[in-house]
Amino acid sequence: MTFRDLIGQEQVKQLLIESIQTERIGHAYMFCGPEGIGRRTMAECFAEAISCSSQSAEPCGICSACTLNKSGTNPDIIHIRRQDGKASVGVEDIRLVQDEISTAPQFGKYKVIIFENAEKMTVQAQNALLKTLEEPPSYIVMILISSNNSQMLDTVKSRAVKVDFKRYSDSEITEAYTKQNSEGIDSRLLCEYADGIIGRALSVTSFSEYEEICNKIANALIALSKGGGRELCCFENLLAEYAEKKEFFFFTLYSILRDISVFASYGRKVALQNVQIASKIYSLSESIGYHKAVKCLDLVNKSWRMVGQNVNYKLMAEALAIRIQEVFHG
10 MTFRDLIGQE
20 QVKQLLIESI
30 QTERIGHAYM
40 FCGPEGIGRR
50 TMAECFAEAI
60 SCSSQSAEPC
70 GICSACTLNK
80 SGTNPDIIHI
90 RRQDGKASVG
100 VEDIRLVQDE
110 ISTAPQFGKY
120 KVIIFENAEK
130 MTVQAQNALL
140 KTLEEPPSYI
150 VMILISSNNS
160 QMLDTVKSRA
170 VKVDFKRYSD
180 SEITEAYTKQ
190 NSEGIDSRLL
200 CEYADGIIGR
210 ALSVTSFSEY
220 EEICNKIANA
230 LIALSKGGGR
240 ELCCFENLLA
250 EYAEKKEFFF
260 FTLYSILRDI
270 SVFASYGRKV
280 ALQNVQIASK
290 IYSLSESIGY
300 HKAVKCLDLV
310 NKSWRMVGQN
320 VNYKLMAEAL
330 AIRIQEVFHG
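Position in the sequence shown (first residue = 1) + 9 = the numbering used here.
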């Protein structure tokens with residue numbers, strides 16, 4: 010992948026391209042922005058460009074480094090990430106980096122080390138990295154990818170070029186999604202869900218997936234409005250089923266409840282977000298009503314904030330299901 014293949018982030022691309030063209034490549038960069046904003050993809054594009062023997066912003070595609078980049082096996086591009094089962098990057102991981110730093114690149118002019126989730130480095134690990142940041146070999150380029158700069162030591166931040174990633178426009182989100190997916194989804198809803206973060210949009214693989222989750226949520230809400238324990242378990246199981254895509258699940262749940270509240274208040278005069286389940290929304294608006302739907306929206310908001318605070322997801326899901334049922338049945 011090259012810079013030309015990337016949509017958006019023009020300022021970032023220009024900064025990196027100019028650094029290559031003027032041969033003023035820094036020894037350390039800090040790519041800052043929320044998860045899914047494209048920092049890792051940009052880091053890989055930059056790494057592939059400077060590892061190419063042509064030393065151009067557009068890799069030649071035929072040299073040894075480029076050939077290895079295509080298969081993801083270039084030994085001169087190293088990813089440092091948390092080990093499975095560990096919450097942080099420790100000193101032992103940095104020692105491995107220092108071993109890599111001590112050897113020159115095998116193919117190109119640079120050896121690139123990409124630190125994924127750099128904010129997960131412990132204080133001890135960051136201090137261990139400082140010596141390398143202060144006196145790096147000429148062939149080393151380090152890219153620290155961070156979504157929370159407050160977790161990074163000032164001494165580390167001061168030794169890296171800060172590169173801020175901006176949220177994408179709706180047109181860029183739509184373009185990127187269309188480029189990757191042959192099956193479309195309502196662009197207005199997609200952009201609302203993405204909120205300027207391209208990774209969120211691309212995580213929605215197809216309209217059929219979106220339609221499926223809408224129907225499952227609507228059916229679960231209908232069952233909750235009618236029944237008791239069995240229906241409650243079904244809703245809890247649905248929350249568990251989408252634990253890996255909880256952000257998408259909560260957004261869809263919220264948009265459905267919002268449609269119910271709006272329709273209960275204004276009737277058929279308004280356009281629904283989830284038109285593919287319109288009949289179910291009409292039914293729920295009659296059985297639930299405006300005030301109960303608004304109370305449920307508040308519950309969903311509070312529960313999602315709890316997820317962001319690392320509250321146990323299973324316990325939160327069970328509590329949310331119980332509270333929604335309590336609201337439905339007064």
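Honestly, the hints are just simulated from the structure, not real lab data.
For clarity, every value in this text was computed on a predicted model and none was experimentally measured.
Cβ atoms here follow ideal geometry from the backbone N, Cα and C, with glycine treated the same way.
Worth double-checking, as some hints may not be accurate.
[Said to hold, decoys possible] Within a straight-line C-alpha distance of at most 25 angstroms, the following computed DSS-like cross-link-like pairs (lysine-lysine) qualify:
{"#": "1", "residue 1": "K175", "residue 2": "K254"}
{"#": "2", "residue 1": "K166", "residue 2": "K140"}
{"#": "3", "residue 1": "K140", "residue 2": "K225"}
{"#": "4", "residue 1": "K254", "residue 2": "K95"}
{"#": "5", "residue 1": "K323", "residue 2": "K235"}
{"#": "6", "residue 1": "K171", "residue 2": "K118"}
{"#": "7", "residue 1": "K22", "residue 2": "K235"}
{"#": "8", "residue 1": "K304", "residue 2": "K323"}
{"#": "9", "residue 1": "K311", "residue 2": "K323"}
{"#": "10", "residue 1": "K255", "residue 2": "K289"}
{"#": "11", "residue 1": "K118", "residue 2": "K22"}
{"#": "12", "residue 1": "K95", "residue 2": "K255"}
[As the list claims (entries may be wrong)] Label-pair ranges, simulated between beta-carbon atoms:
{"#": "13", "residue 1": "R176", "residue 2": "I71", "range": "34 to 42 angstroms"}
{"#": "14", "residue 1": "K235", "residue 2": "G81", "range": "50 to 58 angstroms"}
{"#": "15", "residue 1": "S159", "residue 2": "G298", "range": "39 to 47 angstroms"}
{"#": "16", "residue 1": "K311", "residue 2": "C243", "range": "45 to 53 angstroms"}
{"#": "17", "residue 1": "C69", "residue 2": "F216", "range": "55 to 63 angstroms"}
{"#": "18", "residue 1": "Q318", "residue 2": "Y291", "range": "29 to 37 angstroms"}
{"#": "19", "residue 1": "F216", "residue 2": "T76", "range": "31 to 39 angstroms"}
{"#": "20", "residue 1": "S292", "residue 2": "E184", "range": "33 to 41 angstroms"}
{"#": "21", "residue 1": "S288", "residue 2": "N319", "range": "32 to 40 angstroms"}
{"#": "22", "residue 1": "S80", "residue 2": "D307", "range": "33 to 41 angstroms"}
Each hint, compared with the structure:
no.: 1; hint: K175 / K254; in the structure: holds (24 angstroms)
no.: 2; hint: K166 / K140; in the structure: holds (13 angstroms)
no.: 3; hint: K140 / K225; in the structure: violated (54 angstroms)
no.: 4; hint: K254 / K95; in the structure: holds (21 angstroms)
no.: 5; hint: K323 / K235; in the structure: holds (24 angstroms)
no.: 6; hint: K171 / K118; in the structure: holds (23 angstroms)
no.: 7; hint: K22 / K235; in the structure: violated (54 angstroms)
no.: 8; hint: K304 / K323; in the structure: holds (21 angstroms)
no.: 9; hint: K311 / K323; in the structure: holds (15 angstroms)
no.: 10; hint: K255 / K289; in the structure: holds (22 angstroms)
no.: 11; hint: K118 / K22; in the structure: holds (21 angstroms)
no.: 12; hint: K95 / K255; in the structure: holds (22 angstroms)
no.: 13; hint: R176 / I71: 34 to 42 angstroms; in the structure: holds (36 angstroms)
no.: 14; hint: K235 / G81: 50 to 58 angstroms; in the structure: holds (51 angstroms)
no.: 15; hint: S159 / G298: 39 to 47 angstroms; in the structure: holds (43 angstroms)
no.: 16; hint: K311 / C243: 45 to 53 angstroms; in the structure: violated (22 angstroms)
no.: 17; hint: C69 / F216: 55 to 63 angstroms; in the structure: violated (39 angstroms)
no.: 18; hint: Q318 / Y291: 29 to 37 angstroms; in the structure: holds (36 angstroms)
no.: 19; hint: F216 / T76: 31 to 39 angstroms; in the structure: holds (37 angstroms)
no.: 20; hint: S292 / E184: 33 to 41 angstroms; in the structure: holds (37 angstroms)
no.: 21; hint: S288 / N319: 32 to 40 angstroms; in the structure: holds (38 angstroms)
no.: 22; hint: S80 / D307: 33 to 41 angstroms; in the structure: violated (50 angstroms)
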